[in-house]
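Colleague: So you can see what is in the structure, the chains are spelled out below.
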Amino acid sequence: MTEKFWNKEIETAPRDQIEKLQVQGLKKVIQWALDTPFYGKKLKKSEINSPDDFNCIADLTKLPFTTKDDLRNNFPRGLLAVDMSEVVRIHSSSGTTGIPTVIYFTQDDVNRWSDIVARSIIATGARKGDIFQNMMTYGLFTGGLGLHYGAEKVGMTVIPVSSGNTKRQVQIMKDFQSTVVHATPSYLMHLHSVIEQSGPGLAGLALRKTFVGAEPHSENTRLKIEEMFGIDAYNSYGLSELNGPGVAFECEFKDSMHVWEDAYIVEIIDPATGQQLPAGEEGEVVLTNLIRQATPLIRYRTRDLAYLTNEPCRCGRTHQRLSRITGRTDDMLIINGVNVFPSQIEEIIMQIPEVGTNWQICLDKDGALDKLTVNVEIYSKMFSGDASQIEKLRSRIKEELRASIVINPIVRLHEPGFLPVSEGKAKRVIDNRPKI
Amino acid sequence: MAKQLNVFVENRPGRLESVAKSLRNSDINVRAFAIQDRGDFGLMKLIVDKPKQAQLALAEQGFACAMKDTLAVSVPDQPGNLHKLMAALAENQINIIDAYGFVLDPSKQGVCCVEIENLPQTNAAQAVEDAGFTILEDEQLYNL
Chain A
1 MTEKFWNKEI ETAPRDQIEK LQVQGLKKVI QWALDTPFYG KKLKKSEINS PDDFNCIADL
61 TKLPFTTKDD LRNNFPRGLL AVDMSEVVRI HSSSGTTGIP TVIYFTQDDV NRWSDIVARS
121 IIATGARKGD IFQNMMTYGL FTGGLGLHYG AEKVGMTVIP VSSGNTKRQV QIMKDFQSTV
181 VHATPSYLMH LHSVIEQSGP GLAGLALRKT FVGAEPHSEN TRLKIEEMFG IDAYNSYGLS
241 ELNGPGVAFE CEFKDSMHVW EDAYIVEIID PATGQQLPAG EEGEVVLTNL IRQATPLIRY
301 RTRDLAYLTN EPCRCGRTHQ RLSRITGRTD DMLIINGVNV FPSQIEEIIM QIPEVGTNWQ
361 ICLDKDGALD KLTVNVEIYS KMFSGDASQI EKLRSRIKEE LRASIVINPI VRLHEPGFLP
421 VSEGKAKRVI DNRPKI
Chain B
1 MAKQLNVFVE NRPGRLESVA KSLRNSDINV RAFAIQDRGD FGLMKLIVDK PKQAQLALAE
61 QGFACAMKDT LAVSVPDQPG NLHKLMAALA ENQINIIDAY GFVLDPSKQG VCCVEIENLP
121 QTNAAQAVED AGFTILEDEQ LYNL
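Going line by line, the protein sequences match chains A and B. Our numbering numbers the first residue of the first sequence as 1 and each following residue consecutively. Our numbering numbers the first residue of the second sequence as 1 and each following residue consecutively.
No lab work stands behind these hints: they were computed from the structure. Note that CB positions come from ideal geometry on N, CA and C, so glycine has one too. A couple of the hints might just be wrong.
[Claimed, not checked] Examples of chain B residues lying across from chain A (beta carbon under 10 Å, computed): (1) Val9; (2) Ser18; (3) Ser22; (4) Asp40; (5) Lys45; (6) Lys68; (7) Tyr100; (8) Glu115.
Use the sequences and the hints to build the structure in full.
Modeller: Structure below.
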């Protein structure tokens with residue numbers, strides 16, 4: 001008999017019970033938040049001076065939103081609620097204009113997060129006894145470590161391969177008979193094409209499930225992955241500001257992702273007015289983290305667009321479900337699972353004296369993977385007349401982009417005047433990728 | 001030392017035409033040219049009668065264009081002379097970035113234009129002259 005729930009009582013709790021948990025959680029979060037320089041000021045401005053000012057879930061709308069800019073402007077310690085000596089983990093993501101965002105975790109925070117990830121894993125039907133090959137990047141990015149800790153908590157056998165080196169991934173899948181993998185949808189498609197090319201195909205593999213995330217994709221993409229590998233694929237949602245993976249996860253019925261509402265309060269708002277929208281209406285996802293003391297986050301505007309459904313799920317869980325992410329309210333790009341803002345690329349390019357002020361990036365598909373091409377112009381005044389200068393310039397741009405956005409771009413150098421001029425609304429991003 | 005214009009050109013149709021057009025419109029006479037191909041771009045190397053004006057004309061059209069020193073060597077048009085020139089440079093450990101040659105007067109005179117790595121730090125001119133070659137000066141080259 002295999003367990004269907006990680007924490008049945010909470011996962012199937014009646015709505016009023018969930019709301020009670022949320023109010024309790026929020027009181028705690030407000031207490032934590034008041035200890036930070038940022039929220040200390042911000043909450044008082046909204047006349048919230050103590051957790052007692054907050055008594056029912058409807059009071060949530062009294063609280064101000066938090067944005068990515070708030071995180072950047074208060075880098076590095078403006079949202080830190082505990083003494084640094086209590087922090088056991090730091091995760092960070094690169095910022096839109098060079099300033100990163102940082103999230104701190106206490107030991108309890110890591111434990112609570114891992115518990116929620118464990119719950120997510122069990123909901124998909126994966127369990128102790130599964131061999132889990134984690135193909136998501138380890139490091140400051142939360143995708144790798146988040147699932148790693150949750151999977152260990154479940155008792156799975158974890159293989160922390162991290163991303164890339166596809167031939168080795170395939171070998172490890174065979175050697176250790178991996179049953180569950182975690183990757184981006186585009187990487188899985190790439191993985192499949194490599195398996196196809198390398199002889200015996202899927203024979204000798206023991207794969208039965210995959211968790212996919214970090215990249216919006218369609219139902220058709222899921223079906224394609226499931227068909228290609230003959231496995232079940234479960235969508236997941238998370239973002240580093242809200243711990244990382246495990247904010248929402250699909251259950252065995254694969255019909256939208258359960259948001260673990262005792263850990264994260266989810267709202268959908270109209271991005272223009274900030275008003276809450278009812279279930280079924282698409283808007284911006286706003287999340288409050290109830291399980292992290294070191295970096296409290298209240299009503300965080302994710303800039304992801306989606307909608308909620310609160311109809312009962314066949315699995316028996318009562319937590320609302322979030323649709324696939326349908327888009328963004330800003331210009332963030334997701335390139336092979338990595339979040340990139342065009343402004344980050346601009347920032348890097350503009351620091352290089354040998355290039356002009358015009359630039360353009362193009363996104364295409366190279367097989368299943370995304371290909372980023374960065375187009376820049378040579379700055380006439382800095383041109384020495386040597387081909388070696390141009391080659392060095394190209395490598396430098398490549399290297400700096402690789403270091404800061406963790407993507408290997410193709411760099412094309414153009415004659416001055418080739419690209420649209422920088423004034424006005426020049427089109428800087430050309431995304432030729434088919435919508436998946 | 002003779003001057004050569006190095007122009008950055010993308011590898012796509014019409015770019016060389018555009019360079020040539022700028023030069024024509026400014027009444028520049030091209031004495032010699034070559035293309036250094038580097039895949040998706042190339043450098044067009046030009047020896048012209050009025051290098052300064054040519055550079056201005058190209059810059060005005062937006063071209064990235066630099067004026068470089070080149071060693072223009074007069075080479076008698078007979079078997080073995082290219083080797084003799086190359087040997088003189090090789091013996092002195094002088095590295096060539098790019099070079100091109102043309103015959104000026106069949107079986108009498110040819111010219112070899114050689115771009116030397118770190119030219120000012122080398123004894124390239126001396127080595128070439130010691131081997132018995134004549135280096136063409138600006139005017140000699142432009143008025144071939």
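Colleague: Against which earlier hints does the structure fall short, listed by number upward?
Modeller: 3, 7
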